[in-house]
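K.L.:
Read off the chains here:
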Amino acid sequence: MVKETSEEFRARMDSIGFLAHGRTRDIVETINHPETGERAKKTTDQQGTEITETDNRQDVMIHPETYHADLEIGL
Amino acid sequence: MAWSSSGQSGFYLQTIIAALTGVSQTTGSINLLTSSAQNLSLVTGTAVSYTTAPLQYGGSVANTAWVNTNEITPGTGYVSGGWLLSTAYSTADVIPTTTITGGGPYVLTYTWTHPVTVATTTISGIYGCIIYNNAITAPAAKPMYLALYFGSTAYATVAGTFGITPSGSGLAAITLTA
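Chain order of the listed sequences is H and W. Position 74 of the first sequence, counting from 1, maps to 74 under this note's numbering, and the rest follow consecutively. Position 15 of the second sequence, counting from 1, maps to 15 under this note's numbering, and the rest follow consecutively.
Just chain H, same shape as in the assembly (with noise of 0.2 Å):
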């Protein structure tokens, strides 16, 4: 059996063309929009284009204040 490397393995797909439209896709990175919570995935194709996905799925995390109750005694 012959072992390849990832980038020997890839150098073949690439020359039958199976994946010169970007079947497969590397995840770059997942992001959360800072205010709605809301998360894209970036992904970059095999010609490195950069594509970004969002979906509807949402965080929160919320900080209250601290509540203050006063019980204090004034003479």
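Check the hints yourself; a few may be wrong.
Not the full set, but computed from the structure, chain W residues with beta-carbon under 7 Å of chain H [to be verified]:
#1 S5
#2 S9
#3 L33
#4 G103
#5 Y106
#6 L148
#7 F150
#8 A159
#9 G160
#10 T161
#11 G163
#12 S167
#13 S169
#14 G170
#15 A172
#16 I174
Reference excerpt, derived from the structure (chain H facing chain W, CB under 10 Å, subset only) [claimed, not checked]:
#17 T49
#18 M61
#19 Y67
#20 A69
What follows is a set of in silico ranges between Cβ atoms, one per label pair, in the way DEER data are often shown [as the list claims (entries may be wrong)]:
#21 H:N56 <-> W:P139: 45 to 53 Å
#22 W:S36 <-> H:R12: 52 to 60 Å
#23 H:E65 <-> W:I95: 47 to 55 Å
Because the hints were derived from the structure by calculation, they are not lab data. C-beta: ideal position from N, C-alpha, C; glycine also.
Let chain H serve as the given structure and place chain W on it in line with the hints.
P.N.:
Below, chain W alone, put in the same frame as chain H:
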């Protein structure tokens, strides 16, 4: 004023009085630190502080019993009654604490060691929360401890994580001295 425009946080006075005066509780005790017996429910914007259930902080003993009035509509990851605090930190315990700060006046601070973090939720219309005892059956069933108003923003999640991170100065504080 409705919580959608203006709300107030509050401790439930009859619960505080019961704790201070040794009122016997059936199937449980009033204890802010027992997270396994505490739930956190979420409140809608139609709730009105002081006058509508379940936010009648200064009301009767019966008014301290948790009810689902003005609770958000259950959705993915949230059922009526809310989440158990002992599993609300990514299924682990938020670990409630009380500390005394200051050198006079002194402040009793209530907070959690870990934030509430619940994954995979789809819920909306959230303006605040209530922390209540889920085990006690009498004299008030499920007596409420504290309600927290988040502000005039309707928070929501979509297939996402819902979280509450306490301020560095705690979730709530009571100044006990002059």
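K.L.:
If a hint holds in the structure, say so; if it does not, say that too.
P.N.:
How the hints compare with the structure:
The criterion of a C-beta within 7 Å of any C-beta in chain H is not met by W:S5, whose closest approach is roughly 17 Å, and the hint is violated. A distance limit of 7 Å between C-beta atoms decides the matter here; for W:S9 the minimum to chain H is near 4 Å, and the interface restraint holds. This hint is violated: W:L33 has a C-beta 18 Å from the nearest C-beta of chain H, more than the 7 Å allowed. At a threshold of 7 Å, the smallest CB-CB gap from W:G103 to chain H is about 15 Å, leaving the interface hint violated.
Because the beta carbon of W:Y106 sits about 11 Å from the nearest beta carbon in chain H, more than 7 Å, this interface hint is broken. Hint status for W:L148: holds, given a least beta-carbon distance of 5 Å to chain H, under 7 Å. The closest approach between the C-beta of W:F150 and any C-beta of chain H is roughly 5 Å, which is under the 7 Å cut-off, so the hint is satisfied. Because the closest C-beta pair between W:A159 and chain H is about 5 Å apart, less than 7 Å, the hint holds.
Interface hint at W:G160: satisfied, since its Cβ lies 4 Å from the closest Cβ of chain H, which is below the 7 Å cut-off. With 7 Å as the threshold, the beta carbon of W:T161 comes within range of chain H, its nearest partner Cβ sitting at about 4 Å, so the hint holds. Taken as an interface hint, W:G163 checks out: its beta carbon lies about 4 Å from the nearest beta carbon of chain H, inside 7 Å. Using the Cβ-Cβ criterion of 7 Å, the hint placing W:S167 at the interface with chain H is satisfied: the shortest such distance is roughly 5 Å.
The closest approach between the C-beta of W:S169 and any C-beta of chain H is roughly 4 Å, which is under the 7 Å cut-off, so the hint is satisfied. Satisfaction of the interface hint for W:G170 is found here, the shortest Cβ-Cβ separation to chain H being roughly 5 Å, below the 7 Å cut-off. A least Cβ separation of about 4 Å between W:A172 and chain H falls short of the 7 Å threshold, and the interface hint therefore holds. With 7 Å as the threshold, the beta carbon of W:I174 comes within range of chain H, its nearest partner Cβ sitting at about 5 Å, so the hint holds.
At its closest, the beta carbon of H:T49 sits 28 Å from a beta carbon of chain W; the interface hint therefore is violated under the 10 Å criterion. Here the hint on H:M61 is kept, as its CB sits about 4 Å from the closest CB of chain W, short of 10 Å. About 4 Å separates the beta-carbon of H:Y67 from the nearest beta-carbon of chain W, less than 10 Å, and the hint is met. The criterion of a C-beta within 10 Å of any C-beta in chain W is met by H:A69, whose closest approach is roughly 5 Å, and the hint holds.
Hint check: H:N56 to W:P139, Cβ distance near 46 Å, so the stated range 45 to 53 Å holds. Checking the proposed 52 to 60 Å range against W:S36 and H:R12 shows it holds: the Cβ atoms sit about 59 Å from each other. Between H:E65 and W:I95 the Cβ separation comes to about 21 Å, which falls outside the hinted range of 47 to 55 Å.
In this structure, the earlier hints numbered 1, 3, 4, 5, 17, 23 are contradicted, and the remaining ones agree with it.
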